[in-house]
Amino acid sequence: MLERFRLEPSRAFLHLAVILIVALWTVPTAGLLVSSLRDKNLIASSGWWNALTTSEQSGQGRMKAPDQQVEKDGHFEIAGNLFEGEKSSGEITAFSTRVQQPDQYPAGTTAAYDDGKTLIVNADGSYVYTSPVAFDGKRGQRVFYISKVPPKFTTENYSTVLFSEGIGQSFVNSLTVTIPSTIIPILIAAFAAYALAWMKLPARGLIIAIIVGLLVVPLQMSLIPLLRLYNMAGSSLSQTYLGIWLAHTGFGLPFAIYLLRSYIAGLPKDLIESAQVDGANDFKIFRRIILPLSFPALASFAIFQFLWVWNDLLVAMVFLGTAPDKAVLTYKLNSLLGSRGGNWEILTASAFITIIVPLAVFFSLQRYFVRGLLAGSVKGG
Amino acid sequence: MIQQLLYALFTVVLGVGGCLGYFWGANLLLDRILPANATNDTQAVRNLKLQSSIRPWLFLGPALILLTVYLIYPVFQTIWLSFHDKAGTSFVGLDNYSWAVRDSQFRQSIFNNLLWLLVVPAACTFFGLVIAVLTDRIWWGNIARSLIFLPLAISFVGASVIWKFVYDYRGEGQDQIGILNAIVTWFGGDPQVWIAMPFWNNFFLMIILIWIQTGFATVILGAALRGVPEDTLEAAVIDGAGPFKIFWRIMVPQIMSTIVVVWTTITVLVLKVFDIVLTMTNGQWDTQVLANLMFDWMFRGGGDFGRGAAIAIVIMVAVLPIMIWNIRQAKADGKGGH
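Residue numbers (this note's numbering), protein chains in the order written: chain A, 1 to 381; chain B, 1 to 338.
Among the clues, some could well be false.
Short, incomplete list of chain A residues facing chain B, as computed with Cβ under 10 Å [as the list claims (entries may be wrong)]:
#1 Ala111
#2 Thr176
#3 Pro185
#4 Ala189
#5 Phe191
#6 Leu219
#7 Arg228
#8 Leu313
#9 Thr348
Computed Cβ-Cβ distance ranges for the label pairs, DEER-style [said to hold, decoys possible]:
#10 Ala280(A) - Val92(B): 55 to 61 Å
#11 Phe203(B) - Glu84(A): 36 to 42 Å
#12 Thr155(A) - Arg226(B): 14 to 20 Å
#13 Leu115(B) - Met232(A): 37 to 43 Å
#14 Arg107(B) - Ser236(A): 26 to 32 Å
#15 Met232(A) - Trp186(B): 54 to 60 Å
#16 Thr155(A) - Phe244(B): 47 to 53 Å
#17 Lys284(A) - Ile143(B): 42 to 48 Å
#18 Val260(B) - Ala280(A): 38 to 44 Å
#19 Arg107(B) - Leu52(A): 47 to 53 Å
#20 Ile143(B) - Met232(A): 50 to 56 Å
#21 Ala360(A) - Leu115(B): 31 to 37 Å
#22 Val92(B) - Arg340(A): 38 to 44 Å
#23 Ile143(B) - Phe153(A): 38 to 44 Å
Calculated from the structure, these hints are not laboratory results.
For glycine and all other residues, C-beta sits at the position ideal for the given N, C-alpha and C.
For reference, chain A alone in the conformation it holds in the complex (with noise of 0.2 Å):
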């Protein structure tokens, strides 16, 4: 339609900011999922861009107790590799014993110090460390250095996450909320959503009018009433899985009706009509004809109520709690941020695999997805 005038700059202009502008919404989670690849030491010292770069990295190690010393042709030597029983590896372009300064040798150069010692770390990690006299004190020497690191994937960070860090139990936590809370709402709004749009209802318009205001209330106005009404019930429900999947229902369903209404008002009259004529009554019209027909709008509901469910956090907090055998994804990446701050490769790693099951769904469904949101919104929202 648009094709029929051109705007001007030109039509490479148009392609340069359509690219500029996917660029700056997907980057963000492409930085995200390339770094919870990466290994946990080249997420902290290098950006993520650099991924698929040899990078710089400063790095220790600890030399072979003096215990370990042999004496040889009148000095006493100690032999090595700094790598040896370490994880890192890389390629050793310089080092020092002085954490200020771990570029202060070019690797295989001989450092000379003032005692008589001498120290020389080639790039491979081996190192030999001489002393006129013999060394003494428990432990081994620290040396500093600077190493080239090649690119290395991995998926440990996903292993470690998903069974040391609590993610795997959250995952299925949040399984077991979303679940039921997406597909219990269905039956009771679609039974709903008929009765308001094909039966006769003296109060109908009020009802509909009370569902449309609904749809905006702020779930704030239900929290406290509701953690009130829970804590008195006891604990049946109060942090209970029936209490989040009831509390999720009540809040699904005036979009789950106004949807369905919407959708079942506008199939075909006769249709119903003739239903009624052969002497069906509403139950059979309803599991006959309405259900099969509203398959779409019923997708969309369910793709829209399992995401927002599978991404709540308030809810899950306020109905469900935080201890570790109910506490959602959600909720443990938030905790997680709080006690894994600086530690990229959990954070990373634990946000994909909260993020990647709705991914999933949305690019499955995606069709389903837009119908919803545009029946949901185009029309009073």
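Fit chain B to the given chain A structure using the hints.
Quick look at chain B alone, frame taken from chain A:
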């Protein structure tokens, strides 16, 4: 863990079964108590009439009960609680409100919320319009729209982690691993602790919500733009109007109602914004907002329900005009329907 999932699936089966059982059973019961094939005709007619006046309520019943318990009753209860003390037992009049007016954190929140309301809906709508128009004119527009739309599926907490990484700060001289500071230092600037810069940090938090919601605006506005009748555009082209004139004078006025819908939807969302602030700063460095302040008071020191309720009422009052407008709009739409 597997047990827990089985438990969830069992509940689904039980819940769905229970719902179906209820609807089916109630329906059947109604048919039995008031049989349509009664012995005499007047009785049958009367039964049918009664049936058709009761049945809708059987269908609506569960929904109405849930809506009442989870949304309608709490609204009144919250109003009531806002005039009571922290435990909700003794009446304190307007104390909670006068406390709020004097509280510096509350004032901060009001100021920040106004800032959010001013910036986020406008930015989302603006970017949404621009992206919708631009992507409509290139062959890979659908892919571009999908990618911009994608953050809508990401939770606010997940998005906050993504952006906290973008804003990450390392001391001067160190390699920056947050891309924003890396860009700033690459251009020769000094790295900044973005989320701890009072006033401006609000905007760094807003960017997260704009990033999430622009896709929503794009989809809705894009659909509306495609509905603009072509002859109005053709007429404008023939009259020699330039592209910008066509956009502002012909297209925007025709989709004004959709723009209002997008704007109000995002406005309501902004008033409820909670997760982003909690995750990024928890209200530190002057970033507090009402929803987070309310959550804070719900649990702070065992919880002050009176103050929490008063803050909730303030949010509700802000939403009220949009709510009334929506209901009017829905009523106007509903006329002539079923």
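Hints not upheld, ascending by number:
Result: hints 1, 11, 12, 14 and 23 break, sorted rising.
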